[in-house]
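Quick one: dock chain against chain with the hints and give me the complex.
Letter by letter, the chains look like this.
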Amino acid sequence: MTQMSAAEAAAEPRSTIRLSVNGKDHVLDVPDRKLLSDVLRQDLELTGTHVGCEHGVCGACTVQLDGDPIRSCLIFAASAQSHEVTTVEGIGDDPENPADVQQAFIDSHGLQCGFCTPGFITTIDAFVNENPHPSEEEAREAISGNLCRCTGYQNIVKAVQRTAELRGGCGQDCCGKDAPEVSQ
Amino acid sequence: MKPSPLRIHRPKTVEDTLELLAAHASDGKIIAGGQSLVPVLNMRLASPKNLIDITAVEGLDGLTATETEITVGALVSHRRLERDPGAACANPVLGEALGHVAHPAIRNRGTTVGSIAHADPNGEMPMILALTGGRVKVRSLTGTRTLTADELNVGPLETSLEPEELITEASFPSLQPGQRAGFDELARRSGDYGLAGVGLIMSTDNTDFASTSDRADYVDNVDPASSGAAGTAATITGLKAGFVSVTDTPDIIELDDVVAGTPVDRVDTIVDAVASAIKDFIDPEGDIHASADYRRHLTGVLAGRLLKRLSRPKNARGVSVLSGGQ
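Residue numbers (this note's numbering), protein chains in the order written: chain A, 6 to 189; chain B, -13 to 312.
Chain B on its own, in the form it takes in the complex (with noise of 0.2 Å):
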């Protein structure tokens, strides 16, 4: 067996599995999916003595969608929320972030919450937590309480979580009228940790441009005859950016004093200042399979392309009326 010796627990109410936590803080790990836990385990590189597995506790796998917010309990798969219509429609920068964590059998089992949790910079969805401005609900035996992103994460894989507390669930806000946003990622291999990932929420002043209905349809499997091009008139009015892979937690930049007041056919105009201010912005490190120089200079050319995206009209993915084709 490759993890050293633990007892699981298998608590069925959160109140339980409070008291758990509160009794084993000092050699105790909550699982969840077990995605990065599990290989932590195996390689031995942790070795809680207790493991209280959660997947049995009721009341956390609540997902909705609103207007307003996407709220995930804990025990929502990333592949669950990836698939959700309805968090699609609120705010699709989840759906195409979850499409980069890792392969879909890892996706089956792993929660996004727990990703959250293991504040990895080289996750996905810590970063979209932060770059949505999202929150998580946290709980133990003293009480609640709710964090920011920023509040969330303190280093690489540190958060700011007591031992004996428990995300129960996370919050991401929707998407508003005349906001797009979007995330790409360059990964070795298909499924591997990006080598560099951005995430964009840009925001205009036409809600034609981009409105809650229509978001869907301009972000996967466009079709074409569906629409014209009714409101392709818009100015950006704010832009922000969150990365993976390249900074040391979800850091977000806002960049609206470079954007603001460009019309979304001009963006090609403002592409190459915001890839300069965010290669200024993020800290990468090398390593054996890219440098951290290289790492920099694709992070600003995956944001500009994003960036370019963004600024079509809507239905019009990959055939932009503006520029003819790219």
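Here chain A stands alone, though its shape is the one from the complex (with noise of 0.2 Å):
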């Protein structure tokens, strides 16, 4: 952040805000202007959360916010208010005991820099939870909104079918639903 002239700092709208994130509430002040993603970052020291674009395109921010996936980049703190933020570290933050979307990216080599893991953690978990049993394609259209300069996606589409794998789903367009067309 560049520095402000004092008037300057004295003149910036402030409010204190109540949010709730990974289940504890947090009863900060912040400029108003400061953004979800700053805020988790910086206030609330998550720094799990990436900022990548801060326009909304690269999907890094992915958080979520009531359990839908959402771009902290592209919502104010203030406004975040009165829902349940989830971040990466809310769905696991255990290196010994990782969550199933993040063991599923160790099995399937998921990830090399990390960067933009975290978004797709986010985007992934909630995407499994509603659809249990992911076509590749949907898979593909899933994770469509997080870009990834490292793996080139193979891998991550195979994430989200070895999510939906442990998770009890089959993942594999095996089950019935989503079942390729087979020549008899």
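Bear in mind the hints are in silico, worked out from the structure with no lab data behind them. Treat the hints loosely; a few may be bogus.
Lysine-lysine pairs mimicking BS3-like chemistry, simulated, CA-CA at most 30 Å apart [stated by the list, open to error]: (1) B:265 / B:294; (2) A:29 / B:-12; (3) A:29 / B:-2; (4) B:15 / B:123; (5) B:35 / B:-12; (6) B:-2 / B:123.
As structure tokens, this is what we get:
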């Protein structure tokens, strides 16, 4: 952040906001213009949420708002009050005991540098809840709003289906609903 | 922080919202989902001093669908409207277009009414409002008025709304028996703004060909086993087309003269004439991604494909008994 003069800082509108993040309530005094992504990272030190493009294109900052994936760089922290925010830390924060989505990324070799991964984790966690038997095409559509510059996506698509497997779905086009046409 | 300093107001009622709007008419802006506005603020292309966040306002989240119209409150997200079974049945063109609105994470937060108020000619929903003959309800402290898309849209990103006015809801007429509608768009990457997009509403003389109860079948997830080829004989009586990214405002062209009297199984004979009329009507601009000529050509191709799809017997998308596949 660029330095503001004392007068500018004094004129900066601020508010006390209540945020519920990963099941914990926080009362924070923040500038009104502060985006949820910045409050998560700077005020709550939840640095798992990564900030890439900061205008909604890259998907790295994706968090869940009441369970639905949203861009945390496109919502003011003040507007996230009265909603439950879930970050990647809320999905799994223990290297010894990763969440199923995180295990799926390990199993499928779904990450390299890892910058985009938190956005994928929050996106895929919500998507597989909604669609426990994703076809490959549905998996691709689900992650189409997240950019990854390392993997080429193939192993992330596999990680979507591996997540479904770990949750007891099948994830491999084998469950009837999305069964591929088989020539008899 | 990326946006310039601003104050966020969070009213709880429409009345309080209208008071705030009137008080900050010169330097205030409504924010709902913010999926178009926040990028503009982050890049400091706009720097309003006051944001009136309406997401906590009661009474703006209504969504109803009847045989007459689909009514969408100012806080209804794209995603909620996209998934609403009643809306899908009443007019499937909304859901088809919504599937092209950015990505799911943007649709979760962005609102359909907000998109209409933003009036981006690259946006799908301002065009759908115009194509369906929809209206918006606008409130201010001094009263309520109802605007057609034509009355609302002035130019790219410009509407006839006064600074102290709020769109509280949009309504989209339902398809009537005998009508079919669809949307298609081509973008360079999934979720990007379209290079070109087309929406069509086709009217026929046969209510069996496109009856309300069957609409969801031919639009989504076709189950070929569920029905025979009932109602295949129909004559096209009218056609309306609207466009994304290739006109300045959501202008609609009526093509009744070109199509009227053509049986649906002879649609191939009018596809070129329809595409040609559309290419004359639109006014695309070239940019780094696509030349004006390419966008014009693409719009004609998309319109032709869509017209053929709408002309197929119901429950037979992709397996047309008339043309053997495409």
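Quick rundown of the hints versus the structure:
no.: 1; hint: B:265 / B:294; verdict: holds, 17 Å
no.: 2; hint: A:29 / B:-12; verdict: holds, 27 Å
no.: 3; hint: A:29 / B:-2; verdict: holds, 25 Å
no.: 4; hint: B:15 / B:123; verdict: holds, 18 Å
no.: 5; hint: B:35 / B:-12; verdict: holds, 14 Å
no.: 6; hint: B:-2 / B:123; verdict: holds, 19 Å
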